[in-house]
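Protein sequence lines, in the order shown, are assigned to chains P and L. Heads up, the first sequence is in the working numbering, so the first residue is 1 and it goes up one at a time. Heads up, the second sequence is in the working numbering, so the first residue is 1 and it goes up one at a time.
In case anyone wonders, no lab produced these hints; they're calculated from the structure. One or more hints might be untrue.
[What the hints assert, rightly or not] Just a sample of chain L residues kept apart from chain P, beta carbon distances all over 10 Å, derived:
#, residue
1, Leu21
2, Leu24
3, Arg69
4, Ile83
5, Gly85
6, Lys106
7, Gly169
8, Ser190
[Stated by the list, open to error] Label pairs and their computed distance ranges (CB to CB):
#, chain 1, residue 1, chain 2, residue 2, range
9, P, Ala314, L, Val93, 17 to 25 Å
10, L, Gly29, P, Val313, 30 to 38 Å
11, L, Gly29, P, Ile298, 38 to 46 Å
12, L, Glu135, P, Pro340, 31 to 39 Å
13, L, Gly29, P, Ile420, 45 to 53 Å
14, P, Asp435, L, Arg128, 48 to 56 Å
The beta-carbon is built from N, C-alpha and C at its ideal position, and this holds for glycine as well.
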Amino acid sequence: MTSREPAPANLLRDPVAFPPNERAVRLAIVIVALLLGAAFLTAPYASIQLTGTEPLLSAYAAAVLVTDVLTAALLLSLYSILRSGAILLLAIGYLFVGLSVIPWVMTFPGAMSMLGLPPPDLQATATVAVFRRLVFPLCIIAYILLKRAPFNRLPLGDGRRRAVWLSVLLTTASVVALSWFVMWSGNDLPDFMADSRSPSRLWQYIPAASLLLYFIAIALLLTQRRSLLDLWLIVVLVTLVIEILLLSYLGPTRLSVGWWAGRIYGLISASTVLIALLSEMTTLYTRLVRSTASERRIREDRLAATQALLALVAHEVNQPLTSMVTNAGTSLRWMDRQEPNWEEASAALRRVVRDGHRAGEIIRGIRKLYGKGTQERVPLNINSEIRQAVDLLKPELNSEHISIEWKLQDDLPLVNGNSIQIQQVLTNLIKNSIDAMQGVSRRRRHLSLYSSNYGVDAVLVSVADHGLGIAAELKEDIFAPFVTTKPGGMGMGLMFSRSIIEAHGGRLWLEDAYPNGAIFKFTLPVSHSP
Amino acid sequence: METDDSIIFIIDDDPFIRESLQELLRSAGRRAWAFESTQSFLRTERPDCPCCLVLDVRLPDTSGLEFQRDLAAAGISMPIIFITGHGDVPMSVAAMKAGAIEFLLKPFSDQDFLDAVARGLELDRNQRRASSVIEEFRHRHKLLTPRERDVMTKVVAGLLNKQIAAELGISLVTVKVHRAHVMRKMQVSSVPDLVRIAERLSLGTCEAQGNDTMV
Numbered sequence: 001m002t003s004r005e006p007a008p009a010n011l012l013r014d015p016v017a018f019p020p021n022e023r024a025v026r027l028a029i030v031i032v033a034l035l036l037g038a039a040f041l042t043a044p045y046a047s048i049q050l051t052g053t054e055p056l057l058s059a060y061a062a063a064v065l066v067t068d069v070l071t072a073a074l075l076l077s078l079y080s081i082l083r084s085g086a087i088l089l090l091a092i093g094y095l096f097v098g099l100s101v102i103p104w105v106m107t108f109p110g111a112m113s114m115l116g117l118p119p120p121d122l123q124a125t126a127t128v129a130v131f132r133r134l135v136f137p138l139c140i141i142a143y144i145l146l147k148r149a150p151f152n153r154l155p156l157g158d159g160r161r162r163a164v165w166l167s168v169l170l171t172t173a174s175v176v177a178l179s180w181f182v183m184w185s186g187n188d189l190p191d192f193m194a195d196s197r198s199p200s201r202l203w204q205y206i207p208a209a210s211l212l213l214y215f216i217a218i219a220l221l222l223t224q225r226r227s228l229l230d231l232w233l234i235v236v237l238v239t240l241v242i243e244i245l246l247l248s249y250l251g252p253t254r255l256s257v258g259w260w261a262g263r264i265y266g267l268i269s270a271s272t273v274l275i276a277l278l279s280e281m282t283t284l285y286t287r288l289v290r291s292t293a294s295e296r297r298i299r300e301d302r303l304a305a306t307q308a309l310l311a312l313v314a315h316e317v318n319q320p321l322t323s324m325v326t327n328a329g330t331s332l333r334w335m336d337r338q339e340p341n342w343e344e345a346s347a348a349l350r351r352v353v354r355d356g357h358r359a360g361e362i363i364r365g366i367r368k369l370y371g372k373g374t375q376e377r378v379p380l381n382i383n384s385e386i387r388q389a390v391d392l393l394k395p396e397l398n399s400e401h402i403s404i405e406w407k408l409q410d411d412l413p414l415v416n417g418n419s420i421q422i423q424q425v426l427t428n429l430i431k432n433s434i435d436a437m438q439g440v441s442r443r444r445r446h447l448s449l450y451s452s453n454y455g456v457d458a459v460l461v462s463v464a465d466h467g468l469g470i471a472a473e474l475k476e477d478i479f480a481p482f483v484t485t486k487p488g489g490m491g492m493g494l495m496f497s498r499s500i501i502e503a504h505g506g507r508l509w510l511e512d513a514y515p516n517g518a519i520f521k522f523t524l525p526v527s528h529s530p
Numbered sequence: 001m002e003t004d005d006s007i008i009f010i011i012d013d014d015p016f017i018r019e020s021l022q023e024l025l026r027s028a029g030r031r032a033w034a035f036e037s038t039q040s041f042l043r044t045e046r047p048d049c050p051c052c053l054v055l056d057v058r059l060p061d062t063s064g065l066e067f068q069r070d071l072a073a074a075g076i077s078m079p080i081i082f083i084t085g086h087g088d089v090p091m092s093v094a095a096m097k098a099g100a101i102e103f104l105l106k107p108f109s110d111q112d113f114l115d116a117v118a119r120g121l122e123l124d125r126n127q128r129r130a131s132s133v134i135e136e137f138r139h140r141h142k143l144l145t146p147r148e149r150d151v152m153t154k155v156v157a158g159l160l161n162k163q164i165a166a167e168l169g170i171s172l173v174t175v176k177v178h179r180a181h182v183m184r185k186m187q188v189s190s191v192p193d194l195v196r197i198a199e200r201l202s203l204g205t206c207e208a209q210g211n212d213t214m215v
């Protein structure tokens, strides 16, 4: 783990908008394959009727309720962070499906008989099921379509909170209305069920309609750019398709093996998004903790660097000050005598003046090194800066028989920077590489220079050598002041390089090269000036 | 009174500071030799006169404190004045404990510096005087024969002549003869004086070893 590895720029802004990595895609494919396989295995037994499984219904209903409501809650919190209306619709879909399982299970024949309520209308459950079957895919389709819309992102403000509460309220109200409708409205309900177990012909349109909607949703998701959330929604939709097939076509009577298998698939589909969201959040949290820790280290390093610089300045300035004070005192002594010696006195004062100027030059030198005073930044072509730095070091590179491997990306955007300072950093890194390869045989002295895009708004430069690499225990410290592997070195080069890069808004870090050597990488922000 | 043969040795890697200190000392009528490193100081032959050392704590090849320890180990005991650009309390305490006579922070007042130098030279003079006196006593003690040394030890321990005769197994007359020789060679006229010399040479106690340990 390289704690120096910079977090991607928009990490915390849009986690589910990130394209999924290969691992997630592979996992999704494996899961879908397993589900399909399980479905095929169950298919032959689908029409076997199971008896006495009514009590399981309440357990199933409870599981669905909890899973869907939790998913809805997570999606609602995601909505309030991302301000995406599409996610709000998806959350409403999950909430509706979750809450409406209550009237569904309560009107299921035989499920709630122990509650002592009057037996519900035969068609009640099916009516609820119609809504559940149709509302959910419609919400998913609405989510997909709204995602692309330009007005998807709502403005900041408390509108989000209100939207959340309003959605929850409306959804709950509609579920309540639906429940009231099916339970106490008499015989107005359409004839979906022929008897308590088997559906009627009217019912057939419903699963067909759901399947159609599911396929539309899958098609839409497959044809557009997907986020991680979308990937898991595809898995959800596939399980729902399997569920419908099992429920309505392979095991059409209630409480058959096929029917129960379909219910279980339904449960799986409900949990998928939940688990995906939870694991996403855990990953995010881990990254956040790491990035906070790394930021703290950066702050500490910066503080240490500042302190070191202060110590350096203090020491360097104190020297001429000391000789100035001594020389001035000497001058006074020559003057204080009975017979003042003006020659000596003025000689001493001249020394004072000389030392004063020396102090000024020392300070100027330090300022140039640190660079804060010269802040002009202009759009630079980083590739030409790299070539310039190499040109300046050509004599040394040649005398050390170091060959250069150029891997500069063409048409890189311009970066904002101060040419002198960037040159200093490049020179420092290249010189370090030259030193590092002292002990390597001449044939293998390669210096690799890379430049490439880094995300949307930065450029990455890498300087890689095949030297001895950096010892593990030094890796964390090598950017600290006074740490050096060179005898007689002051250990300031990398520290100054890092502060220059960071002052530019970039980052400088170290990676191991394989099989041996070190790669120093730094980023610089892209210039946005016209 | 100040004698002009004293020398102040300065070790500092900054040439401007070396020059300013040398000039200051010259304006105060003192001689100063300046070195840029401990190496060049050790390589140079130094005259035998009162001296003291002005040492920068931070030197390129070693630390001033380490050099202080090295000097002490080599038996060179000149007084040391430390100058430093850092206000390090533990360092100054360590330096003073190890025998430095002053610890000055840059930039220091020229008067403080000259006072410290004066004290250092005074200290060195006294030390030299004291050690030359002891040298003289040792020289005298070397002139004694082994038997005379035995007698001297017993006399200093407070034994009567006849007790000495009994312990050493010689006659009373011989003891008196040896005793007279001791007094003459050690150039003292009374026993208390002899005792003082013996103390200075660390011969005073009865537990003092035999002649072979006398330097």
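Hints, one by one, checked against the model:
{"no.": "1", "hint": "Leu21", "verdict": "6 Å, violated"}
{"no.": "2", "hint": "Leu24", "verdict": "4 Å, violated"}
{"no.": "3", "hint": "Arg69", "verdict": "24 Å, holds"}
{"no.": "4", "hint": "Ile83", "verdict": "8 Å, violated"}
{"no.": "5", "hint": "Gly85", "verdict": "4 Å, violated"}
{"no.": "6", "hint": "Lys106", "verdict": "4 Å, violated"}
{"no.": "7", "hint": "Gly169", "verdict": "70 Å, holds"}
{"no.": "8", "hint": "Ser190", "verdict": "51 Å, holds"}
{"no.": "9", "hint": "P:Ala314 with L:Val93: 17 to 25 Å", "verdict": "21 Å, holds"}
{"no.": "10", "hint": "L:Gly29 with P:Val313: 30 to 38 Å", "verdict": "37 Å, holds"}
{"no.": "11", "hint": "L:Gly29 with P:Ile298: 38 to 46 Å", "verdict": "58 Å, violated"}
{"no.": "12", "hint": "L:Glu135 with P:Pro340: 31 to 39 Å", "verdict": "45 Å, violated"}
{"no.": "13", "hint": "L:Gly29 with P:Ile420: 45 to 53 Å", "verdict": "52 Å, holds"}
{"no.": "14", "hint": "P:Asp435 with L:Arg128: 48 to 56 Å", "verdict": "52 Å, holds"}
Of the numbered hints given earlier, the model fails hints 1, 2, 4, 5, 6, 11 and 12; all others are met.
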